[in-house]
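2 protein chains.
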Amino acid sequence: MTINTYYGPEGHGPYELYDIGTLDLEEGGAIQNCQLAVATHGTLNAAKDNAILVPTWYSGTSKIMEQVYIGTGRALDPAKYFIVVVNQIGNGLSTSPHNAGDGQSGPGFPRVRIGDDVRAQHKLLTERFGIRSLALVVGGSMGAQQTYEWAVRYPDMVKRAAPIAGTAKNTEHDFLFTETLVDAITTDPGFKDGNYGSSAEVAAGLKRHAKMWTVMGWSTEFFRAGRHRALGFDSMQAFVDNFMTGYFAPMDPNDLLAMAWKWQRGDVGRNTGGDLSAALGRIKAKTFVMPISHDMFFPPADCQAEQELIPGSEFRPVASIDGHLALFGTDPEFLAQVDTHLRALLATSV
Amino acid sequence: MTINTYYGPEGHGPYELYDIGTLDLEEGGAIQNCQLAVATHGTLNAAKDNAILVPTWYSGTSKIMEQVYIGTGRALDPAKYFIVVVNQIGNGLSTSPHNAGDGQSGPGFPRVRIGDDVRAQHKLLTERFGIRSLALVVGGSMGAQQTYEWAVRYPDMVKRAAPIAGTAKNTEHDFLFTETLVDAITTDPGFKDGNYGSSAEVAAGLKRHAKMWTVMGWSTEFFRAGRHRALGFDSMQAFVDNFMTGYFAPMDPNDLLAMAWKWQRGDVGRNTGGDLSAALGRIKAKTFVMPISHDMFFPPADCQAEQELIPGSEFRPVASIDGHLALFGTDPEFLAQVDTHLRALLATSV
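Protein sequences, first through last, are from chains A and B.
When we follow the working numbering, the leftmost residue of the first sequence carries the number 240, and every step to the right adds one.
When we follow the working numbering, the leftmost residue of the second sequence carries the number 240, and every step to the right adds one.
If you are wondering where the hints come from, they were derived from the structure by calculation, not from laboratory data.
Mixed in with the good hints there might be a few duds.
Note that identical chains are pooled: a pair holds if it fits in a single copy or bridges any two copies.
Claimed, not checked - Straight line, CA to CA, 27 Å or less: simulated BS3-like cross-link-like pairs of lysine-lysine:
| hint | residue 1 | residue 2 |
| --- | --- | --- |
| 1 | Lys431 | Lys450 |
| 2 | Lys287 | Lys450 |
| 3 | Lys302 | Lys450 |
| 4 | Lys362 | Lys446 |
| 5 | Lys431 | Lys446 |
| 6 | Lys450 | Lys408 |
| 7 | Lys523 | Lys302 |
| 8 | Lys319 | Lys446 |
| 9 | Lys523 | Lys446 |
| 10 | Lys362 | Lys408 |
| 11 | Lys287 | Lys362 |
| 12 | Lys408 | Lys523 |
| 13 | Lys319 | Lys431 |
| 14 | Lys408 | Lys319 |
Between the sequences and the hints, there should be enough to build the whole structure, so can you do that?
Take a look at the structure:
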């Protein structure tokens, strides 16, 4: 267990920690006393049918989902819905390498899959909240991977699904991109096979990781339009050093690697013997597939190929030159489009 | 000076070495007895107006230009034209870190800019071949950077120009991408600040560099369509390990870094006090700007923005899901389109 003050209620609260007991893992082994960090907004109605589940993305926590997507008058409106944001395993708030006990800390953390997260979340929602129906599951990037997994694994429970900027089955290209992110961290001599003393000792690797996120996370058009300057940075150097490197620097490298391993292997076809078409064909949720126009690693074409396999689904791309990291909320027009689509989706009768 | 059997006439010939004497460098200093490796095809006519210059790209040599772009019945037809392929400084055949003498070898190699290459090529063409007019300058990627530099620097000499998959002024996004390539090599402990004993000692860094080229060099659509399998590799792993890593592994790391430094700083605006518009406005060559549809780091939009600044130019994008590395000649339809555009360009009267 490593002390890391980045992860905690001061920066990421309020949230509650729920102990869901033993979580058996698809790769073998288990997490004992698995903790899920959960932020809720709004009130569960008597029929218990106004719940929305929001899983989190790589490096993100419930806080950014609250700040960017949830609010009165927004599509995700706590005045109407009971919104449950569950931090994914490994993200630093829920059970993660840096805070795990019982010989599972740091590089000893077991391999966790998207399916493990979704079963953990299902246990939480059904056993702790008594929820048997979800009005919507919506998430971006790895949150979209979890959204797809939910819709395939629990087709009767998920009424609507909105995977944003993510895929049901990770592509070979995306797997390799993520591998370069992993390499950036693990090749830092300060990483010491995961046995570093603090994130600061892996600063060089985390900075290379941040640079690669800068190259692939935004888009060529974003930089040509000077969007990094519009966000308050007077040069690319300042944008990389202050914004992107500053964002990742305090994070725990083993936590990031646990999420990266999971991200690389997202594949709902694991539920159907490797048959992606059969898995997506199971989905009963009304599904809006919402890629971002300028996303360099979850591009619209990859998402559309999957959308065509989902009964009754709609392809609802969102335009933003901010690319994948429009998810951060840097582009108000992106958020307006997301809200428009989510409102339309929530208005569909199912 | 390092022995590297990769660079030589067996793999890359035939070519001739020309000593152009002292090349003064824009960044200061000079290369004494600067050697340019030059491959020619066809015959210079009596009027000396049928010459085509082909500069080379990052990691490429005259050999791939010969194999992929030059031939009887092709647009670049040695039966009609005198085609001069000049290997860029630093590419391993011309004067480069690994073969330089006089205290300039390896990490002691001076910084060379695109403008230095173009002045060196100008000296070669005018003094050795007596050429005063170029029917066409055509190159891809860093070859496009040199093509733009030629058209701006010698507007009366260049009659036609075809920059393919490259820009006149490198973008901030592209600069950062190249920085991640540089980081991949220089952070390898075996690199030893450029004082390695052989490329094999930097194998891990060169492999990371190859992975990043795989992510950005092709396209998401390329992999979704299984183009890597169509090229004969049964998995992404095999494609990365055998094709991409195999391609870069024998190359000299300092040579690659010399080219990367040059690539990052390509900017014809250096001829006009930083005014890109004024520089491109100087061009008298009939210019076809030819980006590749799925290029992830020289995208069509970046190229079109420059094309609009060139008098009388035409935007002639080429479609290929192979992305930037369609330049390698992996897609016959890409090559057919390139030939069509080059034939049309060569048919224009100027």
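- [ ] State whether the alpha carbon distance between Lys450 and Lys408 is at most 27 Å within one copy, between copies, both, or neither.
- [x] Both. Shortest intra-copy (26 Å) and inter-copy (21 Å) distances satisfy the 27 Å Cα cut-off.
Task: Identical-chain pair category, Lys362 with Lys446, by Cα at 27 Å - done: Result: close neither inside a copy nor across copies, 37 Å intra and 43 Å inter.
Open item on the list: Checking an output row: Lys408 and Lys523, CA cutoff 27 Å. Within, between, both or neither?
Closed with: within (18 Å within a copy, 51 Å between copies)
Task: Copy assignment of Lys431 with Lys446, given that the CA separation must stay at most 27 Å - done: Classified as both; 16 Å inside a copy, 20 Å across copies.
Task: Within, between, both or neither, where Lys302 and Lys450 count as close if Cα-Cα is 27 Å or less - done: within (24 Å within a copy, 34 Å between copies)
TODO: Since the copies are identical, ignore which copy is meant and state whether Lys319 and Lys446 lie within 27 Å (CA to CA) inside a copy, between copies, both or neither.
DONE: Answer is neither; intra-copy 41 Å and inter-copy 52 Å both fail.
Task: Alpha-carbon proximity context of Lys408 and Lys319, limit 27 Å - done: Close neither inside one copy (32 Å) nor across copies (52 Å); limit 27 Å.
- [ ] Evaluate Lys287 and Lys450 at a C-alpha cut-off of 27 Å and name the case that applies: within, between, both or neither.
- [x] Answer is neither; intra-copy 44 Å and inter-copy 49 Å both fail.
Task: Alpha-carbon proximity between Lys287 and Lys362, which holds within one copy, between copies, both or neither at 27 Å - done: Within one copy only: 16 Å inside a chain, 80 Å across chains, cut-off 27 Å.
Task: Alpha-carbon proximity between Lys319 and Lys431, which holds within one copy, between copies, both or neither at 27 Å - done: Neither: 49 Å inside a chain and 61 Å across chains, both beyond 27 Å.
Open item on the list: My question is about Lys362 and Lys408: at a cut-off of 27 Å on alpha-carbon distance, are they close within one copy, between copies, both, or neither?
Closed with: Classified as within: same-chain Cα gap 23 Å, cross-chain 55 Å, threshold 27 Å.
Task: Homomeric proximity label, Lys431 with Lys450: Cα distance no greater than 27 Å - done: Result: close both inside a copy and across copies, 21 Å intra and 22 Å inter.
In summary, the structure is inconsistent with hints 2, 4, 7, 8, 9, 13 and 14 from the numbered list given earlier, while agreeing with the others.
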